[in-house]
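Number of protein chains: 2
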Amino acid sequence: MALSKKPYKGTRDFLPPDKRAQDYLFEKMHQSAQLFGFEHYDGPLLEEVELYKAKSGEELINDQIYSFEDRGKRFVAIRPEMTPTLARMVARVHREIPKPIRWYSIPNLYRYERPQRGRLREHWQFNCDIFGAPGRTGEVEIVQLLVSFLENFGANETHFEVLINDRTIVDSIFSSLTSNQETIYKLYKLVDKSKKIPEEALLKELGETGLEKQSIASFKRYLKLSSFDELFDFLNELNLSEAADNFKQFYHVIEGQSISKFLNFDPTIVRGLDYYTGIVFEVFDKHPDNRRAISGGGAYANLLQIFDEPALAGVGFGLGDVTLQDFLQSHGLMPDCTKASNDVLVSYQVTEGYQDLAELALNLRRENKKTLFSLEPLKFKKVFSQAEKVGARFVILYGEQEKDQHSVIIKNLASKEQETIPLKEFKQIIKFLNK
Amino acid sequence: MALSKKPYKGTRDFLPPDKRAQDYLFEKMHQSAQLFGFEHYDGPLLEEVELYKAKSGEELINDQIYSFEDRGKRFVAIRPEMTPTLARMVARVHREIPKPIRWYSIPNLYRYERPQRGRLREHWQFNCDIFGAPGRTGEVEIVQLLVSFLENFGANETHFEVLINDRTIVDSIFSSLTSNQETIYKLYKLVDKSKKIPEEALLKELGETGLEKQSIASFKRYLKLSSFDELFDFLNELNLSEAADNFKQFYHVIEGQSISKFLNFDPTIVRGLDYYTGIVFEVFDKHPDNRRAISGGGAYANLLQIFDEPALAGVGFGLGDVTLQDFLQSHGLMPDCTKASNDVLVSYQVTEGYQDLAELALNLRRENKKTLFSLEPLKFKKVFSQAEKVGARFVILYGEQEKDQHSVIIKNLASKEQETIPLKEFKQIIKFLNK
Numbered sequence: 001m002a003l004s005k006k007p008y009k010g011t012r013d014f015l016p017p018d019k020r021a022q023d024y025l026f027e028k029m030h031q032s033a034q035l036f037g038f039e040h041y042d043g044p045l046l047e048e049v050e051l052y053k054a055k056s057g058e059e060l061i062n063d064q065i066y067s068f069e070d071r072g073k074r075f076v077a078i079r080p081e082m083t084p085t086l087a088r089m090v091a092r093v094h095r096e097i098p099k100p101i102r103w104y105s106i107p108n109l110y111r112y113e114r115p116q117r118g119r120l121r122e123h124w125q126f127n128c129d130i131f132g133a134p135g136r137t138g139e140v141e142i143v144q145l146l147v148s149f150l151e152n153f154g155a156n157e158t159h160f161e162v163l164i165n166d167r168t169i170v171d172s173i174f175s176s177l178t179s180n181q182e183t184i185y186k187l188y189k190l191v192d193k194s195k196k197i198p199e200e201a202l203l204k205e206l207g208e209t210g211l212e213k214q215s216i217a218s219f220k221r222y223l224k225l226s227s228f229d230e231l232f233d234f235l236n237e238l239n240l241s242e243a244a245d246n247f248k249q250f251y252h253v254i255e256g257q258s259i260s261k262f263l264n265f266d267p268t269i270v271r272g273l274d275y276y277t278g279i280v281f282e283v284f285d286k287h288p289d290n291r292r293a294i295s296g297g298g299a300y301a302n303l304l305q306i307f308d309e310p311a312l313a314g315v316g317f318g319l320g321d322v323t324l325q326d327f328l329q330s331h332g333l334m335p336d337c338t339k340a341s342n343d344v345l346v347s348y349q350v351t352e353g354y355q356d357l358a359e360l361a362l363n364l365r366r367e368n369k370k371t372l373f374s375l376e377p378l379k380f381k382k383v384f385s386q387a388e389k390v391g392a393r394f395v396i397l398y399g400e401q402e403k404d405q406h407s408v409i410i411k412n413l414a415s416k417e418q419e420t421i422p423l424k425e426f427k428q429i430i431k432f433l434n435k
Numbered sequence: 001m002a003l004s005k006k007p008y009k010g011t012r013d014f015l016p017p018d019k020r021a022q023d024y025l026f027e028k029m030h031q032s033a034q035l036f037g038f039e040h041y042d043g044p045l046l047e048e049v050e051l052y053k054a055k056s057g058e059e060l061i062n063d064q065i066y067s068f069e070d071r072g073k074r075f076v077a078i079r080p081e082m083t084p085t086l087a088r089m090v091a092r093v094h095r096e097i098p099k100p101i102r103w104y105s106i107p108n109l110y111r112y113e114r115p116q117r118g119r120l121r122e123h124w125q126f127n128c129d130i131f132g133a134p135g136r137t138g139e140v141e142i143v144q145l146l147v148s149f150l151e152n153f154g155a156n157e158t159h160f161e162v163l164i165n166d167r168t169i170v171d172s173i174f175s176s177l178t179s180n181q182e183t184i185y186k187l188y189k190l191v192d193k194s195k196k197i198p199e200e201a202l203l204k205e206l207g208e209t210g211l212e213k214q215s216i217a218s219f220k221r222y223l224k225l226s227s228f229d230e231l232f233d234f235l236n237e238l239n240l241s242e243a244a245d246n247f248k249q250f251y252h253v254i255e256g257q258s259i260s261k262f263l264n265f266d267p268t269i270v271r272g273l274d275y276y277t278g279i280v281f282e283v284f285d286k287h288p289d290n291r292r293a294i295s296g297g298g299a300y301a302n303l304l305q306i307f308d309e310p311a312l313a314g315v316g317f318g319l320g321d322v323t324l325q326d327f328l329q330s331h332g333l334m335p336d337c338t339k340a341s342n343d344v345l346v347s348y349q350v351t352e353g354y355q356d357l358a359e360l361a362l363n364l365r366r367e368n369k370k371t372l373f374s375l376e377p378l379k380f381k382k383v384f385s386q387a388e389k390v391g392a393r394f395v396i397l398y399g400e401q402e403k404d405q406h407s408v409i410i411k412n413l414a415s416k417e418q419e420t421i422p423l424k425e426f427k428q429i430i431k432f433l434n435k
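Protein chains in written order, with the working numbering: chain A, 1 to 435; chain E, 1 to 435.
Read the hints as simulated data drawn from the structure, not as lab findings.
Do not take every clue at face value.
Stated by the list, open to error - Distance windows between CB atoms, simulated:
no., chain 1, residue 1, chain 2, residue 2, range
1, A, E69, E, A301, 31 to 41 Å
2, A, R366, E, A301, 29 to 39 Å
3, A, E69, E, R366, 49 to 59 Å
Positions of the beta carbon are idealized from the N, C-alpha and C atoms, including for glycine.
In isolation and in its complexed conformation, chain A is listed as follows (with noise of 0.2 Å):
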C-alpha cells in the first residue's frame, strides 16, 4: 500500500506560498520586536516534564501535552508554550545581564487539540516579554510593542481592542465576595467562560458556587462593568479602592500615549489561572464575524521562583501565527503570496546557452541579484510568461545571434525598456539592472 501523502493531524505543510505566507507574518514580527530592542531568543523543543508540572496549568499537562519517555529514561515533553523555557532562561543568566531584559522569540509549540478553526496541534507563538523594568513602564511598553507590531499590518482601531483588566482587583473583589479559596477558583473559571456560555447556564453555576445573594449581585454586576471610570466607582464603592493603585499609575501612564485609544476595561479578561498577578490582557479582533482574542498576555510578580531565583517582575504576551493569519485575512490585510519574486530570468534559445550563461548566472548572484536560470532552451515567445510566472522583473535572452555576437539581450519587463549588451561588459549589464 502506498504511504498516505497527508501531513500528520492537526498540523500543515508549508508549500512555498503558504511559507511565503508565514515568513510574511514573521518577519514583522522580528521588526516590530527589533524596532523596541528586544533581542531574539530560543530554546530547545523539548523539554522535562518537571518544568511544565511545576509551572503550567493541569489541564495542559494532563490532556494537551506531547510527552514521552527519552531512550534514557528521562520523561520529556515537546513545548506546549514558550514562558517555563525562557523563565529557566531567564533564571540561568539574570544575575548577569543588565535589566529590563527584553527578549523576543518565535517557537512552534505542540498542543494535542481537536483541530478547528484556529486551532492545530502545531503552531508558532510570537512570545515578547520584559523583565526588571522599573514602575509600570515594562507593561506600558509591551502594550505599545503590541500594538505596534499589530499596526505594522496596517490595521488599526477599528480593526482591534487591546481588553485589559488586572489581576490584583479581581482578587480583591473575589476576596471581599467570600473567604473561600475553592469558591474564587470557581469564581474565576466562570469568568473565564462567562462569555463563551448562555447567561442562564453561568446564573446556574453562580447558584452552585453557594454564594450569599449580595455577593452573587456584587459579581453580576461586576461583570457588566464596561469602562475603567465604572470600575474605579464600582471599587470605591466595595471599599477596595487600594487595589486599583497599581493598575491607575498604569493606566494613567499609557492614558497621555497615542495608543489609549485601543484600550478598554473588560471584567471577563482573566486569563484562566496561569502565572499572571498583574495585568492582564487580550487583544481582540472587532469582526463580527471573528469575535475571538488574537493574543494574551500579562505581568507576573515571580516565574524564577521555581528555580529558587529572587523575585524579577515581568510583563509579556504570546500571539499564534494561526489566528493572526485568519484576523489578517478577515479584515483584507493579507498580501498576496502566491508569487514569487525574482530579479532576472536568465533564459536562452539556443542549446548552447547553458554553458554560454552558467556563469553569467553565477556572477548576478555574486552581485545579489536573485536569478533563475533556465535549465533548458526556452522558445521566445514562452519566455514572457514564464517571466510572469516565476515574478522576474528582468528577462535576459540568448539566441543564434546573441550567439554569434557573444551578447546577450536584456529586458525591463516594466518599462519594456531593452537592451543588447555584450557578454564581456558584465558591468553594463548590472547598470542595466540597477536602473
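Given the coordinates of chain A, work out where chain E should sit on it, guided by the hints.
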C-alpha cells in the same frame, strides 16, 4: 528541590548572543538559496513513523529516532531528517507545478545521539533540493549553490573542497568484484568507514568478506584513486567505462565553470546506504584540525516511489548549523555576535522624561529606527557606556534645560556631532538620524 536550569541533554539554549550567531547563519542560507531562485518550504515537526520506515536507514529508525505513540494511538516521530517530508510534499503537488522544482528549508531535526563535538540531539539543517531538472543541470546547480553559499561567508578553496563520487560507478565496480549482494553491501559499509579506521583493521575486515584475492587487490586500488583521470583510467581497465557516462557529462559541464576548482574525486564518498543513485558529494573542511564533512548530498532517481508516484529525478544537499559554525570559527570567518545593534538610545536625565519622550520613542520606531527607550532616568555620565553596551549609534538626552525648552539633544556617537532639536520638530530629528 529547585528545578534544573539546564536545557535538555544534547540541546542548546540560544541566549541572544547565541541566537544572533545562528540568525547570521540562517540569514545567509535564505539569501543564498533565494539568489538561486529556490523557494522556502517547511513541513511539520512530527511525521508518522511509517514514513521513515519506508525511506530512512534501519540504524536511524532503531537507534536514533525520537518516536512515541500519540493519544490517538498514532505512532509518530520527531523528524530526524527532512528528505522524507520533502518527498511526501513533492509527491502531493509535483503534477501541478512547473519543473524544475527548486525548494529549500531550514528545519530543526532530532536524533538520539551521544552529544559530542559537532553532534547534538537537536540541530538545524539547511536543505536544498531540485527536482525534474533536465540532464545533469540540476546536479551542477546544486553544487554551485553549495559553493556559493560558503563563499558568501568569505570561504574559498583554501578553506574547503567538494569531494565527489558517483553511485552508478561504485555499484558497477563492486558488481564486477562479486555477484554476492551481501558482500556488496559490506563493501559499501567498509568504504564508508575507510577513513575512520586504521588500514590494518580495514584489511582484516576486507579479508573477512570472502572476496577473491584479485578482487581484494582491485578494491584496494579503487580506494587509492585520487583524481577524475585516475578514476576514468581505472574504469577503462575494468571494461566499465560506460558506467562513467553520466558522471562524465556532469564533469564536463562543471569543468568549464569557476567552481570546478573546489571539486575533487574521492572514492570513499558513498553516503552510506542513503537514497542516492547518482552523484554523491561531501564538503570537507581543509583545516588539518577539523578534517570533517560539513555537508553532504547527492542525486536520487526516485524519491516518490513509496507514494506510488512516477519517477522524478532530484538532487540535494543538507548542511547542519553546528558543523557550519565550527567550520567558520576554525577559519576565523565567524563575525562577533556578542553585541546587539540599535539605532537610538532614548535617555532622559529628569523623571519627567518618561512621559515627555515615550511618544517620541514610539514615533522613531514608526520611522523604522531601532529605538531602545530608557525606562528610568539615566545619569549623563552613564548614557555613553550604556549606548556602547546596547550597540546604539545615536543617543538622545533630555535634562533640566531640555525639559524647559521642550527639546532634546541628539548625538551621533561615531562622528560626535550633536544638535539640540525642539521636540515638535520630529522631521528634523529623523533628518539628523539619516545623515
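Enumerate the violated hints, using their earlier numbering and listing them in ascending order. Those not satisfied: there are none.
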